[in-house]
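Engineer: Residues per chain are reported as follows:
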Amino acid sequence: MLSTYQYPKFEYRRPPEIAEGREGGGGRYPVVVVGAGPVGLTAAIDLAIHGVPVVLLDNDDTVSIGSRGVCYAKRALEIMDRLGCAEEMVAKGVSWNVGRTFFREQEVFNFNLCPEPDHHRPGMINLQQYYLEEYLVRRAQSLPEIDLRWKNNVIAVSDQGDRVALRVETADGAYSIETDWLVVADGARSPIRHMMGLDIEGKIFMDRFLIADVVMKADYPTERWFWFDPPFHPNQSVLLHRQADNVWRIDFQLGWNVDPEEEKQPEKVIPRIKAMLGWHANEEREFELEWVSVYTFQCRRMHEFRHGRLLFTGDAAHQVSPFGARGANSGIQDTDNLVWKLKLVLDGTAPARLLDTYSEERVAAADENLMNSTRSTDFITPKSATSRTFRNAVLGLAKDYPFARALVNSGRLSVPSVLVESPLNTPDTEVFAGNMVPGAPMDDAPVDSTRGEKWLLQAAGNRFLLLYCMPDAGDVDAATADACTALAAGAIPVETLVVAERGTAPAGLGTLIDVKGRVRERYDLKPGTCYLIRPDQHVAARWRSLDAAKVRAALARATCNA
Amino acid sequence: MSLNTDPNFFTPGKRYFRAFSPGDDFYEALIDMHRDLSDEQSAMANARLILLLANHIGDISVLREAMKVAREGV
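If you're matching them up, the sequences are chains C and G in order.
Position one of the first sequence corresponds to residue 4 (our numbering), numbered consecutively onward.
Position one of the second sequence corresponds to residue -6 (our numbering), numbered consecutively onward.
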C-alpha cells in the first residue's frame, strides 16, 4: 500500500529513576498522565501551560497508526487554540462546513455546520490523527514542564489514599514512582481501568464498518457526502470525506455477517471503491489504498470518571459510535474541563471535591454524546423492518419537506455540551436572551484587544475572567475599577476585561473592542452586564450590573469553595 | 389551517440548545414504541397511533392534505 506519511519514531530515554539507581521508588510527581494519544497529550500540554510539571508515559514510540480519528470540531479547535496548537492543525487540515446526504440515486438535502458568520474556527476540519499527534508531541516537547517518556509501560497501579503508586516497565527494567494525581488516558481498552478492576457499562453494536483511506487526485468539493442505500452499495450506508494530502476517507457499512479479515483484503476493497467512484464520476479514476481497517464499536461509559486519585479521560472513560465525531473531540473536552480544576486543587485554592465536578460535568457530556451517537447509529443502521420503513419514509419526504430534513440523522456532528445542570453554575436571577446561559461554552466573536487578540476566545481561558460591558471603556468609574483590581488580587484571581464599543479601560483592566457588535448580540450585553467565565471558557454566572460580592460568591461556587 | 411541514417538535418547558434535538427526541420515542413488537404488531401500533393523532388534529382538511402527500410518495 502507498504511504503519504512517514511515521516518526520517538526516542526512548533511560528514565531518571533507573539512571540514578532509584528503581525502588523515590520519584514523586504532582501529576502523571498515562497515554500519549490526543487526549493524554492535550492533558499534559494544558497542565504545563498552567505551570504544573507532568510526567507523560506511553507504551509506544510513535503516533497513531492509520488515520483513525479524522474530524476535529470547532470546540476542539478552540481548545487547541488555547493550548497553542490549532494553527498547524487548521493549516494542514481540510476545513469544511457543508455536508450532503443522498438516498439511493438522489441528493435529499445538505447542511452547513457553521452558517453563522464571525467565528474564528470552522465547524470542522478533517485531519489524520497522526498529524494531530505529531503536532501535539512537538508542542509537548517544547514545554520544559513535560517529561515525555516513550516505551514506558505501566504494569501496576495502586491508589494509596494520599498518593498513587505506579510500577513502570522499560527496556532497562522496571521502576516505581508516585504521583499526587493520575490522569488516565490509555484508550478504549484502558489497561489501568482493568488493573483497578473498574467497570465500563454499555453495549456493543452488531455491525461492521470498513474504513478505506484512498489516495487520489479528485476535484470533488471539500464536503462530507453521506449515502443511504446507494446503488453502488445497496441496503447499507457509505460516507466519503477528504483529509490532508489528497487522502480520502471512505466508510462502508458491511453488516454483521461478514469476515473482517477477508473484507480487509485489497482484492475485496478495491472493487467496492471502484463501484463507488464509477457511479459517482462515471469514469475510471486512479487511486491507491493507503490504509484499511474493519471495525465494530461500542457505546459505553464508566459510572464515574474520578476514582479517588485517578481521573479517567477520553476513550478510557467513555466510548461512542463514530457517527458524529464525538470520540476524540469529547476526550479533548474532558481534559479542558479537568486541568484547571486539578491546578486549583494542587495549588490548595480549591478542595479535591472540585474534581468530583469533573466527573459530574463530563459524565453529563458523555451521556449527551452517547445519546446522540446512538440515535445516529439507530437511524443509519435500522434494527427492525419497521424502523427501516420509518427511516426510508423520512428520507423520501426529506427532499420536499423541511420537517423531514430535520429528522435525517447521518451523524449529529460534535458540538459541546451546555452544562446546564452543573453545580458550579450560579443560576440567573435576571433576564437574558440567547444561549450563553450559565454552563454554556462561550460563543466566539471578533474583537480587538489591547494585547492584539482578534477573537473573544483568544482573550479568554486559562484563568477566571470577568467580562464587563460598558459602551465606552473609559467610562468605568473608579469604584468599579478598584473592585476589579481587588478581584484580580484574590487567592483565585479574576481578571476583568471591559467589552466596549470604544475607549480604553482604566489601568489594571483590559479592553476588548466589540468590532462587529457580535459580542453584544451573542451575549445579550447591555451597559453594566457582566459574565464570570471559567478557565475552560464556560459561563459560570452573569448579572446585569457588577457587584463584587456576587462575583466572589459565584467564584466560590465555581471552585467548590462556597 | 394548512398542513405544517416545517420542523415543529418541542417538549413544553424544555429548552433546546441544538436545532436537531427536538426532532431526535421524537424519532427516538417513535422507534422505542416499536421495541420488541413483531412486524404485525408494529403495523397495528402504527394504525392506532395514526387514529389517535388524526383525532387530536381534528381538522379533516389538514388530514386530507397529509394523506395526499403520504400516498403520493409511495
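The hints are simulated quantities; they were obtained by calculation from the structure and are not laboratory data.
Treat the hints with caution; some may be incorrect.
[Said to hold, decoys possible] Below, computed lysine to any residue pairings styled on SDA-like, alpha-carbon distance capped at 25 Å:
{"id": "1", "chain 1": "G", "residue 1": "Lys7", "chain 2": "C", "residue 2": "Asp527"}
{"id": "2", "chain 1": "C", "residue 1": "Lys386", "chain 2": "G", "residue 2": "Lys7"}
{"id": "3", "chain 1": "G", "residue 1": "Lys61", "chain 2": "C", "residue 2": "Ala368"}
{"id": "4", "chain 1": "C", "residue 1": "Lys386", "chain 2": "G", "residue 2": "Lys61"}
{"id": "5", "chain 1": "G", "residue 1": "Lys7", "chain 2": "C", "residue 2": "Lys402"}
{"id": "6", "chain 1": "C", "residue 1": "Lys402", "chain 2": "G", "residue 2": "Asn1"}
{"id": "7", "chain 1": "G", "residue 1": "Lys7", "chain 2": "C", "residue 2": "Arg391"}
{"id": "8", "chain 1": "C", "residue 1": "Lys402", "chain 2": "G", "residue 2": "Phe3"}
{"id": "9", "chain 1": "G", "residue 1": "Lys7", "chain 2": "C", "residue 2": "Pro426"}
{"id": "10", "chain 1": "C", "residue 1": "Lys206", "chain 2": "G", "residue 2": "Met37"}
{"id": "11", "chain 1": "C", "residue 1": "Lys386", "chain 2": "G", "residue 2": "Asp18"}
{"id": "12", "chain 1": "G", "residue 1": "Lys7", "chain 2": "C", "residue 2": "Lys206"}
In this text, all values refer to a predicted model and were calculated from it rather than measured experimentally.
Engineer: Now tell me if each hint is right for this structure.
Structural biologist: Tested hints:
no., hint, verdict
1, G:Lys7 to C:Asp527, "holds (21 Å)"
2, C:Lys386 to G:Lys7, "violated (29 Å)"
3, G:Lys61 to C:Ala368, "violated (42 Å)"
4, C:Lys386 to G:Lys61, "violated (29 Å)"
5, G:Lys7 to C:Lys402, "violated (29 Å)"
6, C:Lys402 to G:Asn1, "holds (17 Å)"
7, G:Lys7 to C:Arg391, "violated (29 Å)"
8, C:Lys402 to G:Phe3, "holds (22 Å)"
9, G:Lys7 to C:Pro426, "holds (19 Å)"
10, C:Lys206 to G:Met37, "violated (30 Å)"
11, C:Lys386 to G:Asp18, "holds (18 Å)"
12, G:Lys7 to C:Lys206, "violated (28 Å)"
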